[in-house]
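S.K.: One letter stands for each residue in the lines below.
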Amino acid sequence: DAGVIQSPRHEVTEMGQEVTLRCKPISGHDYLFWYRQTMMRGLELLIYFNNNVPIDDSGMPEDRFSAKMPNASFSTLKIQPSEPRDSAVYFCASSLGRGYGEQYFGPGTRLTVT
Amino acid sequence: AQSVAQPEDQVNVAEGNPLTVKCTYSVSGNPYLFWYVQYPNRGLQFLLKYITGDNLVKGSYGFEAEFNKSQTSFHLKKPSALVSDSALYFCAVRDEDDKIIFGKGTRLHILP
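Chain order of the listed sequences is A and B.
To get the numbering used here, take the position in the first sequence, counting from 1, and add 149.
To get the numbering used here, take the position in the second sequence, counting from 1, and add 241.
What the hints contain is simulated information worked out from the structure, not anything from laboratory work.
One thing to keep in mind: the hints can contain errors.
[What the hints assert, rightly or not] Capping the alpha-carbon separation at 30 Å, the derived lysine-lysine pairs in DSS-like fashion look like this: (1) Lys290/B <-> Lys263/B; (2) Lys340/B <-> Lys263/B; (3) Lys263/B <-> Lys310/B; (4) Lys263/B <-> Lys173/A; (5) Lys263/B <-> Lys299/B; (6) Lys318/B <-> Lys340/B; (7) Lys263/B <-> Lys217/A; (8) Lys318/B <-> Lys227/A; (9) Lys340/B <-> Lys310/B; (10) Lys340/B <-> Lys290/B; (11) Lys173/A <-> Lys345/B; (12) Lys290/B <-> Lys318/B; (13) Lys173/A <-> Lys318/B; (14) Lys290/B <-> Lys345/B; (15) Lys227/A <-> Lys217/A; (16) Lys299/B <-> Lys340/B; (17) Lys263/B <-> Lys345/B; (18) Lys299/B <-> Lys310/B; (19) Lys340/B <-> Lys217/A; (20) Lys227/A <-> Lys299/B; (21) Lys290/B <-> Lys310/B.
[As the list claims (entries may be wrong)] Below, a sample of chain A positions facing chain B; criterion: calculated Cβ distance under 8 Å: (22) Ala216; (23) Pro219; (24) Phe223; (25) Glu251; (26) Gln252; (27) Gly255.
Beta carbons: idealized from backbone N, C-alpha and C, even for Gly.
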């Protein structure tokens, strides 16, 4: 298996633009997680899905952020409009099961908003 | 609420020496604990987990962790450090909603 795939790996955009981050989880995994990592705040869970259904989005910072999982092999995290404070590394992770199973992380998308 | 604390932002160890990265936890009920490692420009990688059973848990790359209930600790250890072990290490705990809560991370530097 290729592991969790994220695209793009790097994204530079101007404030106010829409940004879409993409994730392909490991085949067969039933949980998908979106995290954000910054120096100031560390690793934050934004939202997670179980069998394509959003379960907990309490970590999503505000309405500018939205996430979808239209099928078991694809998820998107969208920021509209983007702001400089959204600059961070965004990780997607998947797991088989939730609290007991280990999570497999993608390589991340480094987002820079100028 | 469940939480973990990593009291050291950075740990420096000479190559070949034993290493310890500290983690303490606060949970209600039985703790489910994890260690992950992050190499530069990479996502986190699972190292090991404690669910139940033996207090000494063995994981990837020669790492192990010791669960100590009385001290509420779950320290990561390795008998002989390698330069390639230099990375960012995260302790994590499962919370009451079954989410994994990560600590702030400890940067481990292995000095040649």
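S.K.: Each hint needs a verdict: does it hold in this structure or not?
M.R.: Hint-by-hint comparison with the structure:
no., hint, in the structure
1, Lys290/B <-> Lys263/B, "holds (15 Å)"
2, Lys340/B <-> Lys263/B, "holds (22 Å)"
3, Lys263/B <-> Lys310/B, "holds (14 Å)"
4, Lys263/B <-> Lys173/A, "violated (34 Å)"
5, Lys263/B <-> Lys299/B, "holds (16 Å)"
6, Lys318/B <-> Lys340/B, "holds (25 Å)"
7, Lys263/B <-> Lys217/A, "violated (37 Å)"
8, Lys318/B <-> Lys227/A, "violated (39 Å)"
9, Lys340/B <-> Lys310/B, "holds (21 Å)"
10, Lys340/B <-> Lys290/B, "holds (15 Å)"
11, Lys173/A <-> Lys345/B, "holds (26 Å)"
12, Lys290/B <-> Lys318/B, "holds (13 Å)"
13, Lys173/A <-> Lys318/B, "violated (33 Å)"
14, Lys290/B <-> Lys345/B, "holds (18 Å)"
15, Lys227/A <-> Lys217/A, "holds (8 Å)"
16, Lys299/B <-> Lys340/B, "holds (23 Å)"
17, Lys263/B <-> Lys345/B, "holds (12 Å)"
18, Lys299/B <-> Lys310/B, "holds (17 Å)"
19, Lys340/B <-> Lys217/A, "holds (19 Å)"
20, Lys227/A <-> Lys299/B, "violated (39 Å)"
21, Lys290/B <-> Lys310/B, "holds (15 Å)"
22, Ala216, "violated (15 Å)"
23, Pro219, "violated (23 Å)"
24, Phe223, "violated (18 Å)"
25, Glu251, "holds (4 Å)"
26, Gln252, "holds (6 Å)"
27, Gly255, "holds (5 Å)"
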